[in-house]
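As given, the protein sequences belong to chains A and B, one line each in that order.
Counting from 1, position 109 in the first sequence corresponds to residue 108 in numbering that gives the first Met the number 0; the numbering is continuous, with no gaps.
Counting from 1, position 172 in the second sequence corresponds to residue 171 in numbering that gives the first Met the number 0; the numbering is continuous, with no gaps.
Source of the hints: derived by calculation from the structure; they are not laboratory data.
Be aware that one or more of the hints could be misleading.
Stated by the list, open to error - With a cut-off of at most 25 Å between alpha-carbon atoms, the simulated DSS-like pairs for lysine-lysine come out as follows:
1. 121/A with 412/B
2. 120/A with 158/B
3. 26/A with 158/B
4. 111/B with 108/A
5. 122/A with 208/B
6. 6/A with 27/A
7. 108/A with 158/B
8. 105/A with 104/B
9. 105/A with 208/B
10. 105/B with 122/A
11. 111/B with 6/A
Said to hold, decoys possible - Residues from chain B that keep clear of chain A, each with C-beta distances beyond 10 Å, as calculated:
12. 3
13. 34
14. 158
15. 180
16. 297
17. 361
18. 394
19. 421
20. 432
21. 485
As the list claims (entries may be wrong) - To spell it out: a stretch of chain B is covered by chain A in this simulated footprint if at least three of its residues, at any positions, have a beta carbon under 8 Å from a beta carbon of chain A; those stretches are:
22. 18-29
23. 141-153
24. 161-173
Using N, Cα and C, we set each Cβ at its ideal position, and we do this for glycine too.
This is what each chain is made of:
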Amino acid sequence: METVIGKYNYWIYISLMMIGFYAMIAKKNLVKKIVGMNIFQTAIILFFISTAYKKDATIPILVKSQEVINPAQYINPLPHVLMLTAIVVMVSTFGVALAIIMMLYKQYKTLDEDEIIEILKKKK
Amino acid sequence: MNLTEHASILIVVIPLVASFINIFLIFLKRTLCYPFFLLVLGICVILSIDILSTVISFGTLRYKLGGWMPPWGIEYVVDHLNAYLIVIVSSISFIIAIYSKDSIKKEIAKAKLPYFYSTYLLLTTGLLGITITGDIFNLYVFLEIASLSAYALIAIGEKRSVLASFNYIIMGTIGACFYLLGVGYIYIITGSLNISDLTRLLPSLYESKVTLTALAFFVVGIAIKIALFPLHRWLPDSYTFAPSAVSAFASATVTKVGIYVLIRISFTLFEPRFLTEITPLSNMLIWWSTIAIFFGSIIAIGQRDFKRTLSYVLIAEIGYMVLGVSLGNKEGFIGAVLHILNDAVMIACLFMIAGGIFYRVGSRNLEDFTGLNKNMPITMAAFTIAALSMIGIPPTAGFFSKWYLILGAIEAKYLISAATVVFSSLVNALIFFRIFEKIYFTKKEVIPQYTFRELPLSMMIPIIITALAILIIGFYSGEIISSVIKFTVPAGF
């Protein structure tokens, strides 16, 4: 029980990631695949952010009057910074994927994977 | 300002900035875009050679970005392996940039050409960045820059390429995300992202499950990015339907840089003994790559489309490199690193020839290759050299790396892997001799009467350069090994 409740943030990250992974593999609609991809990536953000957390810690801003700096008082800012970069990467991946989906829709007039494969088979 | 001192940062920043300047050049003068594009890649080649010669004479280069001390700041580290890959990537990108002038005009609309050049420069930036950085998170960012521009470049090809590109996005994102998770786990356990810092911190943590998880995520993520068989599904479609210049560039560099990342993670981040003694990874990768070589070759026989055949041959070649890296002895490693160079040149040459034939004949089907010798004798001569090298006939480059790989496999007592490499060479011989027969030895009555002549000069020269490079690398492979590759072999072999 302790491993489930005590580390619930990691369980949420794993289940979110698996939901996204499932959608990427099993969904037939291309937009749903992309949404699955986004959930998958968001799960990773959650993972990184939760690693930075410390109990009873505050935001990492130094007060000038304070002389002794105790690292345990502040949450780790580095994973947040990494995730800012990762979010930018994810947004651009999403953008490229949406552009590709638009091109696909112009070509095939459908966004269903099975129907596209059907059209491709007919052409052969 | 001393140029040599800043060469390692300039080689990444120049193509990055140039790719945006190139878009604004459209408003100034459209015809300037191509010369500018070529100039930038030419500068990259000069810088890369400068870096290589500095590394050979003075040893490892370190560049601190913004003056921040590592491990807090991002550090660029260039040792022999990096410098070697930087030269390969920048020269291949320059050669294919020359080739792309005429070849791409037939495949995309004229108005979109400057955007093609910009995306191409971004891909070069990403690949050079991966090879030059000494920080695992920075590597992820460059990996995504390279992948995103590769998705876009592949999607501008034929009609089917869009679907191929979509599949590549899905697979590539899974690969990159796995890599990012690996970075996360490494960060949790060590609190550092700098590769040389991690080399120091990790050995005491080898028993930890977190380290093992990180390694598993890294290896699977990279295996997707380099299309190691069963995870290769995105590759054949993407490289078949992409524009010829893009197939040549991506096939020659993207997968090789992936192999580089695998080498960095297995031998710089971790120690060789971690892969052989503590985890069974090395053993696993040997069998995995043997299967990849076997099936890549088998599937390649059944293809009728020339570019698709080459894609499957490439999948087998990736198997070679992974095999050499994971054998864990000096011969195998030298073979793998030499094969990175050889395979980059050979596959670039073959894909350029495929593009050249498509340019003239308008088909990639092997049936339409009959009697091409009459119309394109020089291209076909280049094809013969590249194909012989792919098979592994002695004076050409391909022979030497395969020789080292087989020696390494025998020394490590993996006779089945050695036999598979020989088998795959025989299959390559079957594939390419079948094409030779069509080109050179068909009866006169069957030959269709084409009226075209040789390829335009801008496509001809890169093909000749790469074909000659195959021979030159073959003759000088001893020198390449003793001056560069010898130093890349990790300690403990």
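Cross-check of the supplied hints:
{"no.": "1", "hint": "121/A with 412/B", "in the structure": "violated (50 Å)"}
{"no.": "2", "hint": "120/A with 158/B", "in the structure": "holds (14 Å)"}
{"no.": "3", "hint": "26/A with 158/B", "in the structure": "holds (23 Å)"}
{"no.": "4", "hint": "111/B with 108/A", "in the structure": "holds (24 Å)"}
{"no.": "5", "hint": "122/A with 208/B", "in the structure": "violated (51 Å)"}
{"no.": "6", "hint": "6/A with 27/A", "in the structure": "violated (34 Å)"}
{"no.": "7", "hint": "108/A with 158/B", "in the structure": "holds (14 Å)"}
{"no.": "8", "hint": "105/A with 104/B", "in the structure": "holds (23 Å)"}
{"no.": "9", "hint": "105/A with 208/B", "in the structure": "violated (48 Å)"}
{"no.": "10", "hint": "105/B with 122/A", "in the structure": "holds (23 Å)"}
{"no.": "11", "hint": "111/B with 6/A", "in the structure": "violated (51 Å)"}
{"no.": "12", "hint": "3", "in the structure": "holds (30 Å)"}
{"no.": "13", "hint": "34", "in the structure": "holds (28 Å)"}
{"no.": "14", "hint": "158", "in the structure": "violated (6 Å)"}
{"no.": "15", "hint": "180", "in the structure": "violated (6 Å)"}
{"no.": "16", "hint": "297", "in the structure": "holds (23 Å)"}
{"no.": "17", "hint": "361", "in the structure": "holds (17 Å)"}
{"no.": "18", "hint": "394", "in the structure": "holds (42 Å)"}
{"no.": "19", "hint": "421", "in the structure": "holds (36 Å)"}
{"no.": "20", "hint": "432", "in the structure": "holds (28 Å)"}
{"no.": "21", "hint": "485", "in the structure": "holds (37 Å)"}
{"no.": "22", "hint": "18-29", "in the structure": "violated (count 0)"}
{"no.": "23", "hint": "141-153", "in the structure": "holds (count 4)"}
{"no.": "24", "hint": "161-173", "in the structure": "holds (count 8)"}
In this structure, the earlier hints numbered 1, 5, 6, 9, 11, 14, 15 and 22 are contradicted, and the remaining ones agree with it.
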